[in-house]
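**Student:** Residue numbers (UniProt numbering), protein chains in the order written: chain A, 1 to 228; chain B, 1 to 228; chain C, 1 to 301; chain D, 1 to 301; chain E, 1 to 442; chain F, 1 to 442.
Take every hint as true, because none was put in to throw you off.
In silico lysine-lysine, DSSO-like type, Cα no more than 27 Å apart, as pairs: (1) F:K151 x B:K16; (2) A:K190 x E:K192; (3) D:K128 x D:K82; (4) B:K209 x B:K197.
Computed footprint of chain B on chain F; a stretch qualifies when at least three of its residues, placed anywhere within it, have a C-beta under 8 Å from a C-beta of chain B: (5) 199-211; (6) 222-231.
It should be emphasised that the hints constitute simulated quantities derived from the structure, not laboratory data.
We put the CB at the ideal spot given by N, CA and C, even for glycine.
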Amino acid sequence: MPVIDLATTPLRDLNKALHSIQQGSNDVTYEIANPRGSHAVAVGIAGPVTVEVNGSVGYYCAGMNDGGTVTVHGSAGPGVAENMMSGTVVIEGDASQYAGATGRGGLLVIKGNAASRCGISMKGIDIVVHGNIGHMSAFMGQSGHLVVLGDAGDALGDSLYEAKLFVRGAVKSLGADCIEKEMRPEHLQKLAELFEKAGVNDVRPEEFKRYGSARKLYNFNIDNADAY
Amino acid sequence: MPVIDLATTPLRDLNKALHSIQQGSNDVTYEIANPRGSHAVAVGIAGPVTVEVNGSVGYYCAGMNDGGTVTVHGSAGPGVAENMMSGTVVIEGDASQYAGATGRGGLLVIKGNAASRCGISMKGIDIVVHGNIGHMSAFMGQSGHLVVLGDAGDALGDSLYEAKLFVRGAVKSLGADCIEKEMRPEHLQKLAELFEKAGVNDVRPEEFKRYGSARKLYNFNIDNADAY
Amino acid sequence: MCGIVGLFLKDSRLEPQLGQLLSDMLITMTDRGPDSAGIAIYGSAAEGRAKVTIQSAKPGIDFADLEQDLAEAGLPARVVLKSTHAVIAIAASRLADVRSVLAAIRPDVRIMGSGDSVEIYKEVGLPKDVVARFDVRAMGGSHGIGHTRMATESAVTTLGAHPFSTGSDQCLVHNGSLSNHNNLRRELIREGMTFETQNDSEVAAAYLTAEMAKGKDLGQALTSALDDLDGFFTFVVGTKSGFGVVRDPIACKPAVMAETDRYVAFGSEYRALVNLPGIDSASVWEPEPATVYFWDHQKAA
Amino acid sequence: MCGIVGLFLKDSRLEPQLGQLLSDMLITMTDRGPDSAGIAIYGSAAEGRAKVTIQSAKPGIDFADLEQDLAEAGLPARVVLKSTHAVIAIAASRLADVRSVLAAIRPDVRIMGSGDSVEIYKEVGLPKDVVARFDVRAMGGSHGIGHTRMATESAVTTLGAHPFSTGSDQCLVHNGSLSNHNNLRRELIREGMTFETQNDSEVAAAYLTAEMAKGKDLGQALTSALDDLDGFFTFVVGTKSGFGVVRDPIACKPAVMAETDRYVAFGSEYRALVNLPGIDSASVWEPEPATVYFWDHQKAA
Amino acid sequence: MSYHNPYTPPRKSATFDDHTLAEIRRAAATGIYDIRGAGTKRKVPHFDDLLFLGASISRYPLEGYREKCDTSVVLGTRHARKPIHLKIPITIAGMSFGALSGPAKEALGRGASISGTSTTTGDGGMTDEERGHSQTLVYQYLPSRYGMNPKDLRRADAIEVVVGQGAKPGGGGMLLGQKISDRVANMRNLPKGIDQRSACRHPDWTGPDDLEIKILELREITDWEKPIYVKVGGARPYYDTALAVKAGADVVVLDGMQGGTAATQDVFIENVGMPTLACIRPAVQALQDLGMHRKVQLIVSGGIRSGADVAKALALGADAVAIGTAALVAIGDNDPHWEEEYQKLGTTAGAYDDWHEGEDPAGITTQDPELMQRLDPIAAGRRLANYLKVMTLEAQTIARACGKNHLHNLEPEDLCALTMEAAAMAQVPLAGTNWYPGKGGF
Amino acid sequence: MSYHNPYTPPRKSATFDDHTLAEIRRAAATGIYDIRGAGTKRKVPHFDDLLFLGASISRYPLEGYREKCDTSVVLGTRHARKPIHLKIPITIAGMSFGALSGPAKEALGRGASISGTSTTTGDGGMTDEERGHSQTLVYQYLPSRYGMNPKDLRRADAIEVVVGQGAKPGGGGMLLGQKISDRVANMRNLPKGIDQRSACRHPDWTGPDDLEIKILELREITDWEKPIYVKVGGARPYYDTALAVKAGADVVVLDGMQGGTAATQDVFIENVGMPTLACIRPAVQALQDLGMHRKVQLIVSGGIRSGADVAKALALGADAVAIGTAALVAIGDNDPHWEEEYQKLGTTAGAYDDWHEGEDPAGITTQDPELMQRLDPIAAGRRLANYLKVMTLEAQTIARACGKNHLHNLEPEDLCALTMEAAAMAQVPLAGTNWYPGKGGF
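Sequences are here, hints too, so could you generate the full structure?
**Tutor:** What follows is the structure, given as structure tokens:
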């Protein structure tokens, strides 16, 4: 298993190595030592590669991941797994703001808490947060699922399109055009699937509430102008 | 034979004397001493006069010659025989740029080399150069013949109209819209005539190549725009 | 836009290393602010003594014989030179006189900060050069804050660098961009404040000073800042006994905090914290928007 | 627009006549440039000695006691006055100090050129008057270049006259009109060059100086000038051991060269060459466009 | 008998003119601000107020038809391993698929490729038509991130991080539901037929310090191959350009207030941002102050219409220009051919700007399959190429007249101004004087 | 249902106005820049922005009908053995045979001769009509040298070395093939029916130092008899005038950007060169700085239309003016009489400018024998003479009102300006103030 020590190896060499793996090749595992908050660690992965990061990372770790499996044994800075296409990203610690921003696919698991704007503008990604999430999460979320085992901060799901939000704990406040919705069987089933994928064992789907778009802002209506 | 010494006689007096000869009078011969690069020597000749210049001249020697025979026993500066109408101008040495520019008739013979823009914008003059010619020669040449026993510089015949160019040596490059053309019998004959007039004995017309206008720029066509 | 670092020591055995730790944190933030850098260090207060940090554009002239001239002006003091800055140590009872005496004998000298324990150093240039110039690594203390600046709309000058002094033993660093600082500045000028720069952060500093002058404590002043300041901001404020942090309600300029038994640390990015001892086992989190945080030696004591 | 002349002697017996020959050549070019004239003469270099040519608008004041004042400033030198110019001869090792010493003791004096062997004289007025003023006819040397100017878009001043110094023992004269000199000047100013005039030729000189400072030799600098300078130009560049000539790719400003066993000569017109000894049997030709020519005593040797 | 005033002709107010009155009525009827396409319609100081000083005796012109006047430009020389080489300094600005139809995007790609220049994607991602028909394609990285994905990022020749647009510096976008076809919705991961709002800030960074890290990420993802452009609307061009450079941009794209838009509030278009003419000198000054002029390239856009505009922008210090509206007109937008249909839409050819409503008779700003049919991408591409050729010839003819063998050798000193305002903004003297208004002089 | 705005009247853009849109479409369709005749069409600062201060109490006017106000002018006093004496300071500018028909050239000659002024040949040589009917004829010496020959040079009364034209300083010309009739082709030594390009630099000299020698040659050929004019387009009038004087000119002809042309790129006409108004003061300044004002005469042209324009040009320091377009209009160009035919050509009387296409209904800018027939040179000459008479009377009436017994006694101090730009360009105060914008004051 190749080990890349960022204390001695330039970031460029790390990412170049990861990019040299083609879609369709066999899975390879890289271990990354001493990330120490570096930015853009393991970005642009385009093939089946497993990356184990031993330590905490800075901005945009695993950005645009497309098929890789990245685990951070530490915390992640802003924009982790931003615009993920496919694959899995797991953060053992906390994640800073913008986690999973604009993600289009794949699964992001945050074992600790996520800060504000978790899943902002999400476009298909599934995000599972074991802890709490900060304010403005899932802002303008277009599609995908955001599952929170803890509490959610202010203005959850503001200006939401079709992303689906599930929160087990308290929601400090809902954003404009976001409402609580009925939990139907298919939702319970979807949650169960996500728990399975994200390695969540200790909670049951029934403990969650579902939130989604009231679809009031879909076409402009003067009587909703205050919500803009 | 009157001798005019430019070391002691003003240029004005020389040209005034030459202009006093009317079209139709008998041929007179003037000898000019010490030209030492003077400009505008023997310009505007309008009658049958023979001028022998002993030394080198500056700009525009024999400019607008109309019927005179001027021989320079030395080199000539820029624009020798410019706009010649008729008559003969012979340069025993080299000629600077613009030799025979815009000439409308008559014969210009350069025994040495001619510099750039020889025969620029020529409009009917015949030019015979024993040596080489410089770049941009016969630029926009409209009619007349340019015969070069040596080599030609860059961009020969650029933007040529209907002037005919004959070169015996190498052509460094052809200008826009100038191409090599077939030597037909009438061209060989024309060359022979010019050799006769210019006192060229040691070469044969067959040693020359003919160049002329491709006539692509005659009327604007967008697909040729890059050539403009 | 800028980088901020802050370090508050709980374990007094770390105090000799404060300058060392803070310097490394500051240099890590070079990318966020290559234009200028500054640092405020809170040393141990000597009983009955106070300090004034001053800056000069021509230190060779202004600092020559300064100690002697102060003495002649009736202010016995000790002057320690640090490149373009100098620290004047005097009896705490005479602190109020320093400004007027300096105005008379060294009119061009600028006061960076003053108090029982604070020393403020700031200059134009890369953080590593600024740190080296003032020999920050050799400084000890109980807590300190630092700042690296990428100028947005105001000039790159020494005076435009942070920290800004907001009162005795108080200073402020800022990351973000205020959108109503021009109006606020005009109001504060009307209230009698003076300004050296066109910098929005200086307005924030003056605002806090003015609010506290009206009787608010620092926490209350920061709370009212949330109402009165428009735009994006993260403030870290140093006080004699600790520091405070507050972010604007949108909170999109980055901020990370770490706490262990030995210290509380603040950084614009996690990178700033990675060299702290025991960071791997620290509790690391991000401050909430529109929330005022405080760490205080006295309350801890 | 201008007239240029240059003369490079192969036959050292002609050297005493260099000034005489060059003066006649220059005066012939009066029609091309009645506004100002200048000349650079390369004399024989004295071992270990160097020369600096300076110019003053008030020679009566600036040149008074100059030798003595230089000595007092620690620069033993010999000063020879020539009208508004003076030549300072010093030890070659001290050449670098002259500029700073002069700036201190004679701030208004302008340095025209310096080196082991070059002397540069230029002034406003007709070439014949300029030649007489500096007694150029009496000068000897191995080679020299001269210039007469008809100002196009910049002022008629001494500093606007050619030759322009481009470095030690190097100078440049120019005929033509550059069309990107304003942008180039701004760039060169940013790179630290200073300019005295709005003249395009000064930009060409500064450009060559800057390129050579980057490590190019003169030939390479002239070659890159063909890419970077826009417009019409004929440059003649004097160096310690010879001179170089380059014309723009369109080459429509006139240029004639003549060579015999005894010399190589350059003139804007053939007229400039007619008085040279043996010109009738010389080989006379015109330099090609966009081609760098060189004549060099050292290579010849 | 009572006294009657004689007839006086009706007089309208300049303050409350017909447009203003109509807009008040429209606002009263609908309760929403007016959204429209195209750029500033009112008159602002522009390139028309500048003139070139051709060569005469003191300078020599180059032969108009013969002597070389180079027009090429290289973009992205600062950091990119593969800078972009263009034959002409006129690029096609980013216009979103969604705002424009597929055939329109294809036509732009075809025309630009014939001309040796680049096109740019827009808010909505990259389409295959566009990539296929564009020799050089710049991929926009926008706040909405619609359609953003690493494959397209790698397929692109350059990446343009869009911070703002001249039509709406600081504002977001809006694409009305009727333009959201299946294909557009699919590319944007959104339901069909709903209004689509675009955010005004990027979701995952704010400020130049973050932007520096974002650019690092994009470079890492694309292995430092591609030039990174940063596009800003013209508002504080000195600071914005300086900060883009500090954040690591290879190229700065500066869009003045006249710049077109697909859909923005009219009040924004007409009242926010500075005219293009006023933006260039501060931006160039910033580059010069940082020693980065010509090292970081500056592309200027907003109301570029002719080779004269191109030459003027370059003379003021830009490295290239971009065109949006003009390119649409060249491929057939607002063509009098469709006047009858424009009349039906309550407008007239030359004034149609409801581009967000998707009913464009010319088939350009629409997603309606029938209307789209009307635009033949091959013929339209040819038209664009012709137009670009004319602009280039015009710029060359001017540069040659000023004696330049490359368009980049045009200088501010080759210009003078016809009005005080233009003189002050362009920092060139008023014609016939040495007066630089605002700077002293004479 | 989708949402529709209520009706708002269509609004066109000032930046993309109808002309701009049409030009973009034209460019897209053809791929070549627009070539046309006539001068700048857009509004630029002009003589209209100046006013005369008539005499009142502080000064005394001359009696309008009685007291002498001389209008004569002598040109070429510096070097020529035979200077030119004109009765009025208004000359007919050079317009090429080829651009104009034979009858048109004859009409100009007749009208000018009646009025005691001169005409000028053009690019294409001298015709017998013109020489025969022109009492005083100036022969142009142009880069193309079409038709140049020493006989005509000697037949001329003065020689005008053309360095440039206001419509295209630094640019060359283009005469489209359809205007190259047998006669024109023959005079120009060119095949019939091909486009004829005119170079922008002379074939055998560049720069003022060469020009000095060229002028020497022309003087020698004509035995120092004839005044030598040098004509420049208005771009850097201070330098160009100074250099023309240094090169030995007797008369400087300065043509501002509004000056007409037979065929030039529209982009050139509208964007290169300075307005006539802006050119005069720098040129006069150059003459004054050289001590040559009134010794070397200055002829100004470009948009001269009335006696007021004449008086203003003279007050600013010119010795005479030249007219081109106005003379053509006087002899019948763009006459509403032919409106029907103008409509057929897709234009209207007053706007027809496709002079290079040779289809002029008025028979002036054409070589078509049938169209030419329409112009009666005798009547047209009379019309020109009438027009010149009116301009002269107008200039005199103004000069008398200012108390001048010779038009040349008009001074800048007799003027004030209506706009800031005109005040700065003409260096006269804004009306009612002592403010010389750009110069301080107040």
